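> Build out the structure end to end from the sequences listed, making use of the hints.
Order-wise, the sequence lines are chains A and B. The first sequence: position 69 = 69 (my numbering), numbered continuously. The second sequence: position 103 = 103 (my numbering), numbered continuously.
Among the clues, some could well be false.
A short, non-exhaustive set of chain A residues, derived as facing chain B with CB atoms under 7 Å [what the hints assert, rightly or not]: (1) GLU42; (2) GLY44; (3) LEU45; (4) PRO46; (5) ALA49; (6) MET57; (7) GLY64; (8) THR68; (9) PRO73; (10) HIS78; (11) SER146; (12) ILE147.
Read the hints as simulated data drawn from the structure, not as lab findings. It should be emphasised that the depicted structure is a prediction, and the values quoted were computed from it without experimental measurement. Beta carbons: idealized from backbone N, C-alpha and C, even for Gly.
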Amino acid sequence: MTDVTQLYAEYAACLDDGRLDDWPKLFTQDCHYRIVPRENHERGLPLAAVDLVGRDMLLDRVYGAISTLFHAPYYQRHIIGPVRITDDGPLDIGAEANYLVIRTKRDQPSEVFNAGRYVDRIVRTPDGLRFRSKLCIFDSELIPNSIIYPI
Amino acid sequence: MDDAKIWQHAGSSRIPARVYTDPDVYQRELDRIFYGRHWSYVGLEIELAGPGSFKRTQIGERSVIMIRNGEGEINVLENRCAHRGMRFCQEKAGTVKTLVCPYHQWTYNHDGKLLGVPFKNGVKGQGGMPARFSLSDRGLTTLRVARRNGVVFATFDASTEPFEEFVGRDVLRYFDRTFDGRELVLHGYSRQRIPGNWKLMMENIKDPYHPGLLHTWFVNYGLWRADNKSELVMDARGRHACMISRRSEAIDGEVTKGVTSFRANMKLHDASLLDIVHEPWWGAPTVCMTTIFPSVILQQQVNSLSTRQIIPVGPDKFDFVWTHFGFADDPPEMLARRMRQANLFGPAGLVSADDGEVIEMSQQGVTQDPEFSTLCELGGAGVENSDHMVTETLIRGMYRYWREVMGL
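The structure is reproduced here in structure tokens:
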């Protein structure tokens, strides 16, 4: 459990510190990362806001966010609630946690940017725990303009 | 509002800041454009299943319900009880036997007809509605509906010309290129609120100048670049338009020279993000972006298909609702491909997320000084179709029409 908590803490720290290059390192090579509106998720619709299969696509997303997408810069602050282990099997761990992402743009007050929950599969690797899949299901009905960085 | 003060330049190539910021201009837009003689997008027929299946959406700031009746017809009804004005429908979608306003249980059928009113004849001889009250006078506002090959539009105005005439033959041809009557499949929604005037979104998709400059992915992968073979087509009045282009994979040095978004060393770790497969219905073009004024953009960007609905929320912001779809006969790998390419488009899209960002910054800029005018004179000051992209003619076309309908 402490290892799992540590993984989430690392995850938040790397995004909130702006160390996007470290973000893919928290995933397995065959990972799946999705950011999905709750509406699509609950209606069984396949569209995601971000849908990345494999760590290589995560690397492309990071490059895209840093080097190709013009955007007003912002800080992120992830507040992740207590992690709930949904199953702890021999091969992997199921875990869920609520999250809140606060966005702070230059010269602006902080604002709630995205609220939702993570539904994750975590595996033990020689390098420690890694996400095999991470599903970010967000309640927020309207994205405040755009999502540039990972949630 | 002092009409003479709003637009002081001749023509439509210099757009005054007030056009994006003035609350009186905005109110007139709602009245004359969104509630006037225009067809507004409400949805796709596949969003409705059987009888009583509905979807709530908006035309301008008015909430409407698209609903299927027992005969399979589609009605668009205003979401406002005829009694006390309540916006009674709060769910986004669902299926109902009748439409009931919970406040006093006034009940309407799928055609918007008022079926019943509790205590209409009073209770124990007391109260009740006056004798002259008639259920048939008190239905929901019923909009005129146009359906074309699975896409649903509606208008508040009884005198709006037929949909096909409204769109015009030339733009309709490209509408039918995607929507040719094949069965569609709903893939899902993305919703964003963009802090900018709604017309800036229309301008963005009437502006073939920016994609090859702002959007690195378009430049690098030839999806939209100044050297691509392309065509810009408008309806006769200049309000609707198509930007049609053909991808070129070879890079011409002239169009990337000095383009700061070009990344000569960019190499994808996973090329499947751009696993583009030509579909027979495309013909030669690989992209067609259609603006149906004032409410929707129809997107075909390689294998990614969507409608993008514009819902204004005051002069300085709008909601942008993306409905992604495919075709019923898509094999599973095409569905997977469309979903993968959705990474490029949408509020988090690797290509298009920055469109929302630049619109926000444009709004900030035009709000700074009401006397400022934006400049739209690439390719001259006139309005004409074009066989190249180095022109802002489509934006000028829209504002020529806008001035006409707004009387400004």
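> Now tell me if each hint is right for this structure.
Hint check results:
no.: 1; hint: GLU42; verdict: violated, 11 Å
no.: 2; hint: GLY44; verdict: violated, 9 Å
no.: 3; hint: LEU45; verdict: holds, 3 Å
no.: 4; hint: PRO46; verdict: holds, 6 Å
no.: 5; hint: ALA49; verdict: holds, 4 Å
no.: 6; hint: MET57; verdict: holds, 5 Å
no.: 7; hint: GLY64; verdict: holds, 4 Å
no.: 8; hint: THR68; verdict: holds, 4 Å
no.: 9; hint: PRO73; verdict: violated, 10 Å
no.: 10; hint: HIS78; verdict: violated, 17 Å
no.: 11; hint: SER146; verdict: holds, 4 Å
no.: 12; hint: ILE147; verdict: holds, 4 Å
In this structure, the earlier hints numbered 1, 2, 9 and 10 are contradicted, and the remaining ones agree with it.
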